[in-house]
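K.L.:
Sequence positions in the sequence shown follow the working numbering and run 218 to 335.
These are computed hints drawn from the structure, not numbers from a lab.
Hints are supplied without guarantee of correctness; some may be wrong.
[Stated by the list, open to error] Simulated restraints, written as ranges between beta carbons of each label pair:
id, residue 1, residue 2, range
1, E294, T316, 54 to 60 Å
2, L286, R320, 49 to 55 Å
3, A298, D325, 39 to 45 Å
4, L296, E330, 47 to 53 Å
5, A228, D266, 55 to 61 Å
6, E294, D325, 36 to 42 Å
All residues carry an ideal CB built from backbone N, CA and C; glycine is no exception.
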Amino acid sequence: CLEGTGLAGRAASVLREALEARLRKQSEHEVDFRAQAAQERGDLERRLDQAIARAEAAEARALAAEADLLTAQADIERLSANVKSWESEVAAASEAKHTAEARASARDALVKELQASN
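Please model the complete structure; the sequences and the hints are all you need to start from.
P.N.:
Right, here's the structure in full:
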């Protein structure tokens with residue numbers, strides 16, 4: 218009977234040691250898992266920060282491009298107004314040239330008439 222009690226006690230002790238070892242392993246796995254989760258969280262935060270930085274840089278480039286576009290549109294409008302003004306000036310100069318040529322032709326004809334009558 219004493220042998221049974223000693224055997225049961227040893228079995229309980231072995232069982233307790235096995236359970237404690239299992240709990241230690243589970244605890245170690247949990248620590249490893251938490252460390253891995255913390256590292257992955259850190260990696261994800263770093264990637265998120267990089268993505269935010271890229272998005273902010275893209276937004277800044279888009280704003281700069283929009284400003285450049287607005288400047289170019291203003292330049293186009295200014296140049297178009299200049300072209301219209303120059304076209305008007307060319308048309309007026311062309312009309313003046315035609316008028317002057319007509320007067321010169323009439324003057325030349327009058328001079329010939331006067332020379333012929335003398």
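K.L.:
State for each hint whether it applies.
P.N.:
Each hint, compared with the structure:
no., hint, result
1, E294 / T316: 54 to 60 Å, "violated, 33 Å"
2, L286 / R320: 49 to 55 Å, "holds, 51 Å"
3, A298 / D325: 39 to 45 Å, "holds, 41 Å"
4, L296 / E330: 47 to 53 Å, "holds, 51 Å"
5, A228 / D266: 55 to 61 Å, "holds, 56 Å"
6, E294 / D325: 36 to 42 Å, "violated, 47 Å"
The earlier numbered hints that this structure contradicts are 1, 6.
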